[in-house]
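Just so we're aligned: the sequence shown equals residues 1 to 370 in this note's numbering.
Read the hints as simulated data drawn from the structure, not as lab findings. Note that beta-carbon positions come from the ideal geometry of N, C-alpha and C, so glycine has one too. Treat the hints loosely; a few may be bogus.
Claimed, not checked - Calculated cross-link-like contacts (lysine-lysine; reagent style DSSO-like; alpha-carbon spacing at most 27 Å):
hint : residue 1 : residue 2
1    : LYS84     : LYS111
2    : LYS299    : LYS281
3    : LYS177    : LYS221
4    : LYS281    : LYS160
5    : LYS100    : LYS76
6    : LYS126    : LYS209
7    : LYS116    : LYS126
8    : LYS126    : LYS81
9    : LYS116    : LYS209
10   : LYS84     : LYS126
11   : LYS281    : LYS221
12   : LYS111    : LYS351
13   : LYS100    : LYS84
14   : LYS116    : LYS100
15   : LYS160    : LYS116
16   : LYS100    : LYS351
17   : LYS209    : LYS76
18   : LYS177    : LYS116
19   : LYS160    : LYS209
20   : LYS100    : LYS209
21   : LYS209    : LYS81
22   : LYS84     : LYS209
23   : LYS100    : LYS81
24   : LYS116    : LYS84
25   : LYS177    : LYS84
26   : LYS351    : LYS299
27   : LYS221    : LYS299
28   : LYS100    : LYS177
29   : LYS126    : LYS177
What the hints assert, rightly or not - Cβ-Cβ distance ranges computed for the label pairs, FRET-style:
hint : residue 1 : residue 2 : range
30   : ALA132    : ASP161    : 25 to 35 Å
31   : ASP159    : GLY288    : 23 to 33 Å
32   : ASP101    : LEU128    : 22 to 32 Å
33   : GLY163    : LYS76     : 29 to 39 Å
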Amino acid sequence: MKRAQRSSSPLPRGKVQRAVNANSEAGPLRSNQQPSGRRQATNTELVAAGIGTPSQFDPQVWFQGAVPDDLAALIKREWIKARKPSSDGCWTFIGNPMPKDAVCAHWGAHKGFFQKEISSHAELQKELFAPAPCDRKTEAVITSELVALFHFEGLAMTDKDTGEAFQVFLGTYVIIKEEVPNGTKNGGGTDTTEYVGRITEIFVTMQGKRYIRIHWMYRDKDTPIAAAPHKDKRAAEGEERTLPRGEFMTNPRRVWLCGSEEDNESYSDCYTIEQIDRPCKVYHIPPGIAHPSQVDVLKDIFDPDNDWFYNQWTVAKFMTIEDCYEDWTPWSQRYKEVWLNEGVEGILALKRQHPNCTQLMRGRNRERRA
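All chains, full assembly: derive it from the sequences and hints.
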């Protein structure tokens, strides 16, 4: 792997849904659901409309239970800090923080306010003043140890260069930009690299830092087969390896779904909001089809210069690539349908079937293949 190591409504039922799933710039996922095709509001319009204003935020409702007055006041103060747009005005959160039951259903295994069962002013105050978890040697933030205070469903953003306004939500695919070592012998230099990922978490830490967590979509040069160590002299000097070209093996716009939690946990999967470059579209097409142009509902809308597609998943640990008939990874189209139609109980039932949605996806795909 070439990453730095550190350690909207549901689609209609029927033929179209079975044939293809797409990101399609999905909107807010529950109470904030918007009709598709609606003009996206600018940050200024969102603020003017009162979306996410302090008067709308009730700590008791968010906590879903009784909260001591001093703790409620402290939570409200932290919320006021968190909702402030960035200093350059390029992003702001959409809506109020997600409540306790939703947070615990989606991210129960992560560290956060609810998972730590904070119930007093003193306990929260201690967390707020605790230093961010950092590696002692590199001083890099250990993202797996971050403690979330608030979770959100979406962000309203403005491109610094073009001034274009756009929105991203849980389940939106985005392009992430990161500075990575360029592999030169003497330099320790860096290059700006772009990665493709699906947003699976939007949160504010106890220290007030804003992050997103993503699920990897590997390009061919990110796959374990291409990135595996070898004796090629050119690669040792920093030249990128890619998979062999061919109709089914790879295409410049093909990506592979990261098919295991191990892959995502082994590499940096949390990024600051500022590292979001732009949203993108990633389409899930049926296995055995080489390109979206062969799918009737996609051939006229797939943009070969900007869109991506996948129909396989990969596991780095075993260097395997397998067909992906059903994608049940967090905030995939199928996962979002469960959330939209069945809410918290649906997500909990899904995870009771298997505590890891990725492994559930893998099991169902193997059943289909058999």
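Keeping to a limit of 27 Å between CA atoms, is the pair of LYS84 and LYS209 held or broken? holds, 12 Å
27 Å Cα cutoff - pair LYS177, LYS84: The given pair, whose Cα atoms are some 24 Å apart, holds under the 27 Å limit.
Is it true that the CA of LYS160 sits at most 27 Å from the CA of LYS116? Cα-Cα ~37 Å, so violated.
Verify the proposed pairing of LYS100 with LYS76, using a straight-line Cα cut of 27 Å. Since the Cα atoms of LYS100 and LYS76 sit roughly 15 Å apart, the hinted pair holds (cutoff 27 Å).
Given the hint that LYS126 pairs with LYS81, does the C-alpha gap stay at or below 27 Å? holds, 17 Å
Would the hint linking LYS177 and LYS116 be met if the CA-CA limit is 27 Å? violated, 32 Å
Below or equal to 27 Å on CA atoms is what counts here, so check LYS100 against LYS209. Given pair LYS100, LYS209 holds - Cα atoms ~20 Å apart, limit 27 Å.
Pair hint outcome, LYS126 versus LYS177 [Cα-Cα no greater than 27 Å]: violated, 33 Å
Given the hinted pair LYS177 and LYS221, is their alpha-carbon gap at most 27 Å? Distance of about 16 Å is within 27 Å: holds.
Has the given pair, LYS84 with LYS126, been kept, meaning a C-alpha gap of at most 27 Å? Holds, at roughly 23 Å.
Check whether the Cα positions of LYS160 and LYS209 lie no farther apart than 27 Å. holds, 20 Å
Verify the proposed pairing of LYS221 with LYS299, using a straight-line Cα cut of 27 Å. Since the Cα atoms of LYS221 and LYS299 sit roughly 26 Å apart, the hinted pair holds (cutoff 27 Å).
In terms of the numbered hints stated before, the structure departs from hints 15, 18, 26, 28, 29 and 31, listed from lowest to highest.
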